[in-house]
Structures are given as structure tokens and as C-alpha cells.
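Undergrad: Spelled out from the first residue to the last, the chains are:
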Amino acid sequence: MRYLPKSPSERQEMLAAIGADNIEELFQTIPGKFRLREKLPLPGPLSEMEIIDYFKDRASETARDYTSFLGAGVYQHLRSVVTEAIVQRGEFLTSYTPYQAEISQGTLTAIFEFQTLMAQLTGQEVANASMYDGSTALTEAVLMAQRITGRDKVLVARTVHPEYRQVLATYAKNLGLEIEEINYAASGHLDRDALSPEKIAASAAVVVQSPNFFGVLEHIPALADSAHSSGALLVTTIAEAVSLGIVRPPIEADIVAMEGQSFGVAPSYGGPFVGVIATRDKFVRQMPGRLAGQTTDAAGQRGFVLTLATREQHIRREKATSNICTNEALFALVATVHLCLLGKEGLREMALQNIAKAQFALAELAKIPGVRRTFSGRFFNEFVVEFPRSVKLINSALLREKIIGPLAVGMHYPELSKRGLLCVTETMPRREIERLVAAIRRILETPV
Amino acid sequence: MNPKLTETEALPVAIRKAGRHVSQTEGLIFEKSAPGKRGMELPPLDVPAVSAETALGRDFARGAIEGFPEVSEIEVIRHFTRLSTWNYAIDLGMYPLGSCTMKYNPRVNEYVSRLDGLASAHPWQPAEVAQGCLRIIHDLQKCLLAITGMDAATLQPAAGAQGELTGLLMIRAYLQSQGNPRKKVLIPDSSHGTNPASVVIAGYEVQNIRSNARGQIDTDHLREFAAGDVAALMVTNPSTLGVFEERIAEIAEILHERGALLYMDGANMNALAGITRPGDFGVDVMHLNLHKTFSTPHGGGGPGAGPVMVKKILEPFLPAPIVVQKDDGKFALDFNRPKSVGRVRAFCGNFGVLLRALAYTLAYGPGIRQATEDAVLNANYIRRRLEDAFDLPYDLPSLHEVVFSDARQKRNGVNTMDIAKRLIDYGFHPYTTAFPLIVPGAMMIEPTESESKEECDLFIEAMHSIASEAETNPEIFKTAPHSTRVGRLDEVAAARKPVLRWKP
Amino acid sequence: MYPADYRYTEEHEWIKVDSGVGTVGITDYAQNELGDVVFVELPKVGAQLKTGQSFGTVESVKAVSEIFSPVSGEVLEINSLLVDSPEKINSDPHGAAWLVKVKLADPREIDPLMDAAAYQKFTAEKAQEHSA
Numbered sequence: 010m011r012y013l014p015k016s017p018s019e020r021q022e023m024l025a026a027i028g029a030d031n032i033e034e035l036f037q038t039i040p041g042k043f044r045l046r047e048k049l050p051l052p053g054p055l056s057e058m059e060i061i062d063y064f065k066d067r068a069s070e071t072a073r074d075y076t077s078f079l080g081a082g083v084y085q086h087l088r089s090v091v092t093e094a095i096v097q098r099g100e101f102l103t104s105y106t107p108y109q110a111e112i113s114q115g116t117l118t119a120i121f122e123f124q125t126l127m128a129q130l131t132g133q134e135v136a137n138a139s140m141y142d143g144s145t146a147l148t149e150a151v152l153m154a155q156r157i158t159g160r161d162k163v164l165v166a167r168t169v170h171p172e173y174r175q176v177l178a179t180y181a182k183n184l185g186l187e188i189e190e191i192n193y194a195a196s197g198h199l200d201r202d203a204l205s206p207e208k209i210a211a212s213a214a215v216v217v218q219s220p221n222f223f224g225v226l227e228h229i230p231a232l233a234d235s236a237h238s239s240g241a242l243l244v245t246t247i248a249e250a251v252s253l254g255i256v257r258p259p260i261e262a263d264i265v266a267m268e269g270q271s272f273g274v275a276p277s278y279g280g281p282f283v284g285v286i287a288t289r290d291k292f293v294r295q296m297p298g299r300l301a302g303q304t305t306d307a308a309g310q311r312g313f314v315l316t317l318a319t320r321e322q323h324i325r326r327e328k329a330t331s332n333i334c335t336n337e338a339l340f341a342l343v344a345t346v347h348l349c350l351l352g353k354e355g356l357r358e359m360a361l362q363n364i365a366k367a368q369f370a371l372a373e374l375a376k377i378p379g380v381r382r383t384f385s386g387r388f389f390n391e392f393v394v395e396f397p398r399s400v401k402l403i404n405s406a407l408l409r410e411k412i413i414g415p416l417a418v419g420m421h422y423p424e425l426s427k428r429g430l431l432c433v434t435e436t437m438p439r440r441e442i443e444r445l446v447a448a449i450r451r452i453l454e455t456p457v
Numbered sequence: 004m005n006p007k008l009t010e011t012e013a014l015p016v017a018i019r020k021a022g023r024h025v026s027q028t029e030g031l032i033f034e035k036s037a038p039g040k041r042g043m044e045l046p047p048l049d050v051p052a053v054s055a056e057t058a059l060g061r062d063f064a065r066g067a068i069e070g071f072p073e074v075s076e077i078e079v080i081r082h083f084t085r086l087s088t089w090n091y092a093i094d095l096g097m098y099p100l101g102s103c104t105m106k107y108n109p110r111v112n113e114y115v116s117r118l119d120g121l122a123s124a125h126p127w128q129p130a131e132v133a134q135g136c137l138r139i140i141h142d143l144q145k146c147l148l149a150i151t152g153m154d155a156a157t158l159q160p161a162a163g164a165q166g167e168l169t170g171l172l173m174i175r176a177y178l179q180s181q182g183n184p185r186k187k188v189l190i191p192d193s194s195h196g197t198n199p200a201s202v203v204i205a206g207y208e209v210q211n212i213r214s215n216a217r218g219q220i221d222t223d224h225l226r227e228f229a230a231g232d233v234a235a236l237m238v239t240n241p242s243t244l245g246v247f248e249e250r251i252a253e254i255a256e257i258l259h260e261r262g263a264l265l266y267m268d269g270a271n272m273n274a275l276a277g278i279t280r281p282g283d284f285g286v287d288v289m290h291l292n293l294h295k296t297f298s299t300p301h302g303g304g305g306p307g308a309g310p311v312m313v314k315k316i317l318e319p320f321l322p323a324p325i326v327v328q329k330d331d332g333k334f335a336l337d338f339n340r341p342k343s344v345g346r347v348r349a350f351c352g353n354f355g356v357l358l359r360a361l362a363y364t365l366a367y368g369p370g371i372r373q374a375t376e377d378a379v380l381n382a383n384y385i386r387r388r389l390e391d392a393f394d395l396p397y398d399l400p401s402l403h404e405v406v407f408s409d410a411r412q413k414r415n416g417v418n419t420m421d422i423a424k425r426l427i428d429y430g431f432h433p434y435t436t437a438f439p440l441i442v443p444g445a446m447m448i449e450p451t452e453s454e455s456k457e458e459c460d461l462f463i464e465a466m467h468s469i470a471s472e473a474e475t476n477p478e479i480f481k482t483a484p485h486s487t488r489v490g491r492l493d494e495v496a497a498a499r500k501p502v503l504r505w506k507p
Numbered sequence: 048m049y050p051a052d053y054r055y056t057e058e059h060e061w062i063k064v065d066s067g068v069g070t071v072g073i074t075d076y077a078q079n080e081l082g083d084v085v086f087v088e089l090p091k092v093g094a095q096l097k098t099g100q101s102f103g104t105v106e107s108v109k110a111v112s113e114i115f116s117p118v119s120g121e122v123l124e125i126n127s128l129l130v131d132s133p134e135k136i137n138s139d140p141h142g143a144a145w146l147v148k149v150k151l152a153d154p155r156e157i158d159p160l161m162d163a164a165a166y167q168k169f170t171a172e173k174a175q176e177h178s179a
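Chains as they are written, first to last, in our numbering: chain A, 10 to 457; chain B, 4 to 507; chain C, 48 to 179.
The set of hints was computed from the structure by calculation and includes no laboratory data.
Because the structure is a prediction, the values reported are computed rather than measured.
Check each hint, because a few of them may be wrong.
Simulated crosslink set (SDA-like; lysine to any residue; CA at most 25 Å straight-line) [unchecked claim]:
#1 B:Lys20 x A:Ser18
#2 B:Lys506 x C:Lys173
#3 A:Lys182 x B:Ser36
#4 B:Lys187 x A:Arg450
#5 B:Lys500 x C:Lys135
#6 A:Lys376 x A:Arg450
#7 C:Lys173 x B:Asn183
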């Protein structure tokens, strides 16, 4: 087998050195009744070419060559092949967690750069080496707030991504954390009237997403004021990270939980992605996950090490800030390389292109009779549109034209039927936007 | 290089695996940054441009991102390529890290994960145009169930630790449905730190149980503690000593008699795949680490995936959605799971990792047993050849990993950390130091099946040379490694005055 | 080595009592076991300590040690020097690196604690255990 570097004679030599007659002898500690007599009924073995064929067949059973207007937490953005060239280097791909700093300076330096970039983007003081994804980063941020304030309740905007809220609920259940959802206003923002000082005073944090699930930008400074004046923290989550290229960062937030997938990570049917937690220096010891810190060796040379490890499970065990061990290091590297390539101007330009395309798409759609935007708040690259017909039906018809239409919002917000969440990024050619609009127009003109 | 030793003193006498090599120096990317440089250009806008102030209003528009890098493409390539040359990696040589299973990461896995249609799939695209993705999840699930001998699975957890939490949540839900979720989970003192940390998040109390003189779970202690208040025992099998829990069936029985469940941490599955199935020896729920046994790359710390496999009694509680195959043969996501513990991660878990694990499993097929045999062969070969030089605290048959201790070398003031650092000079990544906690001065070695006899022999030779250095030249350890670009780094300063980001 | 007018616990804390106020710290043995101290977590002024209960932690790079209170009482003062200079615990554990000052709820709680000679013996036995 090509992954096993031993010849039959070498195996014999090694058995002889051990003093065993056959390999079976080495498994004697497993009770006989539990040892398998037959090989497992598994498909294969396949050669490399056959493996590729299998997956090519699977790829052909997906939406290749379709135009997709889906966002909702997973975004299509331009990626450079340079990122791939770097990330596929064996020294990055096949290296281990950098516990042995002297032979992991490549990984550690890149992590330090990632932490810096995330802090710069989010306007926070410190960021960690990554979490699993946005949904778990948000959950951990809320748990941080619970620990910091000692309060066991949290106010969560309903406009936070539905699956992020589901994950938070799963974790909160057994940690004595009560979640109260705060509804949205007609504008699409969190309804500030529903946020009373009494409620906030009993809560560890107010939790919002910006841009929120409807694509609407929340007023972070005002929300921070409300939270802080009653002793609560403001936790902000960001699902569309490219927005930070042009949208004012949540500097007033106490903890930011972000999904970094937009920074050069392929959609890959939902993962692996890269979660980010960023916060103030004063909360650093409450942060979960790994942190790379700068230091020197005996000769005074700069180097980097994993630090503040006493927060983590391998030292603190049941008193750790989190159970996280493995993170998303490789995808943090993807994001780092991607952002270095884009740079200050490139990220801004990309974000502006998103805005331009989304505005164009909305303007064109709004020309169709019966189609209009649902909310009024400012948005980045996603917005909710109301249609005169069920979104599901429209999407079925669009699919036949190899277009994946807007997400039917009613799935997650039953009061918002006939509404679709549409995302338009810099990757969407104008002609495809026009094709979408023409198709919708045609579909709506066809009697049901 | 350490300035105190001369060139000849710093380099070991008998070194064959590594030699000196000039590598490029490189600063931080921010230090190369200058206004006006760009690494990536975008295609021109084909719709009317909009200004940020117009679209967002002054409240939301951002100025320039202070300190953000501005560099060219060539500088990015050079920067990260240079950085990469400072790393050790599996592609370069063995990582004898116990419990990490640092095996070869097959390249075809990388290739197929990038296929158009799979890499570009959106998790919310309609099922009819996601059949390929759903089938991949389904097929992997089938393989993992066959390997573990369990009945149902979730592939949602993003890592082993998350898998542990998920398993514990299901245990709680099941026991709750039986009338009483109970209060405690038993954790062996040899367990990985994620175990007790996960227990706490599941709302349970940790109750440590000790290992007996053979490093196995003390069944008397277990009987004593497995009273009505205990929900489960979390066992790693083989244990973190690399030894199979010979009384595992009895352990399962003790728990089941009292209505408690047996959780298995599957981190050491590399000793069992194709040889035995946890479902057969009484495990009710377990997780697998796809980035260990199933070859998905560590990438400097992640990603991973921690699928959880369960027996039928726990199936209703799996996180939703699950992938099902309908009567017409088509695959779908089933969200209608009223007893589910909820969701632990958005979307379908680390799909790209699942895909790689499936590619690995398909490569071996029923022959996966051979990988396990080679892993156990390598570990035993190394053990036999090092027994004369290092103390073996638990003289029990090893499976895929062996744990020595620094007891002999300690007499000369050389401890496991020192030996590990010196091993770097010999061209190897260190083994796992100071774990499990039940072995003071532990040296946990797991070669995996990916190591050739040649690499094993080089490792053995290096360790022998180090053992003799501990006798003749113990001072050399305190300043090791000597051959790396940076020497031992000041971790104390890093923790006292943390500098966690670059500032201009 | 160990100040004669201090009392000691088996968890390696020391206490010096003066007019009903106890100054508490960790011993030289403890700091030596811990290694280079990087961080100290102390309770707030006004906190109520209970005998034998953990009231803070001392951290090195690789380990965290809980500090257990030798007495019950209210925290009057905490040593702010340790925020910026936790290394003082290594260099002056019995003097400048005191942790908290406590108003003793019951002065008799000192009685069962070891005196310097007993503690010296205790640590010698511990050291033997480790090298065995």
C-alpha cells in the first residue's frame, strides 16, 4: 500500500527484533472475542486515479456552473492562487501545533500576523489564533461575558444568524445561562425600544450581529452605550468579514466574534472555516483558544511562542476558559495570506465593489412590479426583498435556469413569508445580475 | 546558535538525520509594508461605482485600516515561503508525538477537496444540487460506523473536544429521558485535558478516578464511584499509556448495571482500526479525531473534525440535521429531530475535513488493518530498542504508542523537556512531554504507520546518543536546541508582559 | 530560612499576625516548586475568605496553583506590586511578595498551624518523597 513505507522483509526483521513470530502476537492484550476475524466491509481499496474519479463524480452531482445569490453566513469572494501555493506547502500543511516553538517559527509568526490583522480589522486590542467558526466563536464570546460579569442572562438579537443562535442555545442550556431574544424593528435593526435598562442590568451582554442576518448594519456605538450604562458588555458578531473593509469597525464592542471565511476560504459546503475572537486587553485572560506572543531567545533574537497557556484545557483542565484544543490554524493562514495580498487598498476596493454590485442588483430588482426591499437600514452586500409570490416557487424556476436564488427567509422567520435574502459580491458579473432580474421578471409574469 | 558552545561542542557526534542549512531571515509582513504596494488586483467594476459615504452614510463608513499591510505579490510569496522553511513538518520527517497520530497526509486528499463543485458548494444550496456533498457525508458515515461497530453518527463537531461535548450532551439527554440526568462524569487521571473541560461545559461535575498500578482503570475504585450519581465514564482506549484496557468489558458492565454509559475518547483509534470495534466491547458513545487516525492534515494546529458515533439508544439525540438516504436513493438533510440535543456548529460541520477522511478510507478499504498493524509494529520495535536506555514505568504490552520516563536521566539532572529539546538537534520533532500526568517525566512516543524502518532506526540511534550524552555531557541539554534559527525562547517574559500583536 | 514569627500550612502558605490582622503569602518551597511566576490572581478588597478555601491563584508558564486561605476573615488589602511584578514571589516570597492582608475572624485559627521548625521538617519530608 502506497502510504506504508515497509517491505515485507522489513516487517519480518522488525518482528524478529521484537521477538514476536507474527503481528498477531502484538494484539494479545485485546481479548480474543473482540478481535475481528474478517476484514471490515469497506469500499476500496482505490488507487489515486479511482479516488479522483469518485470525487469527480460527486462534484458532478452538485451545482457546478450555477450562479448563486446565496450569502447568509457563507460568502463567495475572489481568491488568489498565490494563497493556495503557500498553504499547500508541506511545511505549513503537515506541521503540528507549534508547542515546540524553536521548530515552529513559521507557524507562530504567521499566527502573530493573523492576530494582528484581526485586531486591526475589528478595532479591538487583541485577537486569538482562531476558533472553529463564527457560530462557536460567538458562543465562546457570550460565555466569556458570563464569566466576566458574573451575570447569567444574555440578550440576543433575533437578527443574529439563526444557526449561530442555535449553537449558543445548545451550549447555554447546561451552563445556567438564560437567553432572551430581542426582536427587530421595521427598519431591520435590533429594536432598541425592546432593550430596557432593567433587562440589560440583569444581563451579561447584549449580542448583535452587524451586518445582521438581514444584511442591515446595526448602530454599534448606541448599543454599546445602552449595554455599558447598565453594566453589561456588548458582544458583536460579524458573519461577512469583508464588510470590515469599508464599514466602521465595532470599536465600542467589548468582544467581537467573527467568521473569517470571507477572507479567501472556499465555501466548501459549510466548513472548515475560521472563527475569530477579538477583545480588549483587560479581558485577555478570559479568552479561549491559543495565543501567540512575541519574545526573545538568549541571544536576543525575536521569536514567537504560544503563551498564556494556563487558560487552556491542557493545563487548567476542568477550570479552563474553554475545552478547545484543535483550532483552524491552516485557515487562519489562508486568511492571513489573502489579506496580505489584498492589502489596505485591495480590501477597501473589494468591499466597495460589493456595495456597488448589491446596490445595482437592488435597483434593478426594484424595477420589477411587486418586488421591493423589505427593510430600510443601511446594508453592505446582502438585503431582503419581498416578492409577490413564494420564494420557494421562484427559486424552483430559477434553478432550472442554473440560478440559485435568494434564501427563503420565512424558513427561519415565519412572519417573513415571500421574502428572499439576496447576496451580491464582487464575484457576480453584471450580466448575471441582469439575467437574474430578467428571469424573475419572466417567472412572475407566468401565471402560477 | 547558542553563543556559549563551540561549533563542535554544539553538534552531536553521531548525527545522520539532519545537517546545517542556511535559511532566509524574514521580519513581519507589516515591517515590509509601504503605501502604494498591492499584492492582488481586482477585475474592474462592471456596474456603476458607489461611494461609501453615499451607500453607508457617515455613521457607518470607515477610514483607512491603520497598519494594514501593503505589499506586492512577490513579497507575499517570499515572506510566507521563508516562514515555511522555519517549520518542521510530517513531510520532512517523523513526529513521534504520542496521542497525536502524526501520519502522512495524502496529497490526493488535498486535490479532491479542491474540485470545483465541492470546494464551491454553499451549505444552503438546494439538496437537489448538493447530492454530491450529501453523499460524501453519508458515505464517510457508513465507513466510520463499520470501523467502530456503532449504530449512528453525527459528523457535525468541528474537533475532538467538540465531539466530546456533543457525546456528553447526548448522554445527558438520554439519561434525562430516563428520568434523571445525574451529576457526575468519571475521568481517569491519565486523560487528555479536553475531557474534564468538556464535562464542565456539559453541566456535569468531574470526578477523577485513579489508575491502578498497571496504569489501567482501577475497577474497584470504579465500582465505588459508579453509584447513582454518575452519568458516565470517559475512557481512552488504548489508554494514554498506549495500553489496551484489558478489563474494558467489565468496565462497561459495571457502568451499564448502574444505568450509566461508557464514553470512549477515540484519540487512540490508530491502534484499533480493522482489529477491533469499540461497539463490540461495550462503548455507548465515542468520538473520532479525523485529524489523527484519518490522516487529515494538522495545518499548524487545525482544522480537525470530531464525529461522534453512538449506539441506537442515543440515536434520537444526535445533533440536527442528519444526512439520510431517502427511498428514491436521493440524499437529504433531516431536520425533523425533536429529541436532538441541538446544533453544535453552523452548517454541516468541517465538510472539507470529512471529504479528506473519506478519501483516506477509500484508499485503504478493507486493508485498513494493515495500517494499524504497521503502527503497532513500529511502536513495539522502538520500545524494544529503547528499553535498555530509558525507564519504562509501566511494563505492559504497548499497542501503537509507548511511554517512557526520564527517571534514569534525571539522576544527572536531565529531564524529559531537556531530552526533547536535544532531540531537535538530531533532526526530529520531540515526542509528547510531560503527559500523561500519571507518569512523572513522561516521554510519550507514537511513530504511526507512516514511518519507515529507516526513520525508526534513525530515531532509535538519536535517542541512544542522547541517553549517552545525558551521562557524559548533561550540561549540553540545558541550552538545547543549538542548531535552530532561534534558541530556547523566553516563555516567562512572554507570559508576564504579553505582546500579542504587532504595533507600528 | 523560614521566619520564626510566621505560621505555615500544608499547602505552603504562610501567615504573620499583627494586632488581629494576618499578612498571607506563599512560602519559598512553593515558589521553588512553581518556577518563574508570571501572574497572580487575587481576590477583591472586602472579599470574605474561609479557612481552607481557595482565594486566588499563582501561575507559572506551565502550571496554576491555587492559594488556600489559612484563616477566615475579610480582605483588607491586596498587594498591588504583584500586578506588575509577579516575579517578586520568586525573589522575596516571605517579604515584599505578600499576597493579602486579612482581618482575622477568629485569632484561634492560627493555633493548629505549623511553626517554622515544623514547617521546615515538613518540607524536608516532601523533598525526600519527590526524589524517592
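Undergrad: For this structure, which hints from the list above don't hold up?
TA: 2, 3, 4 and 7
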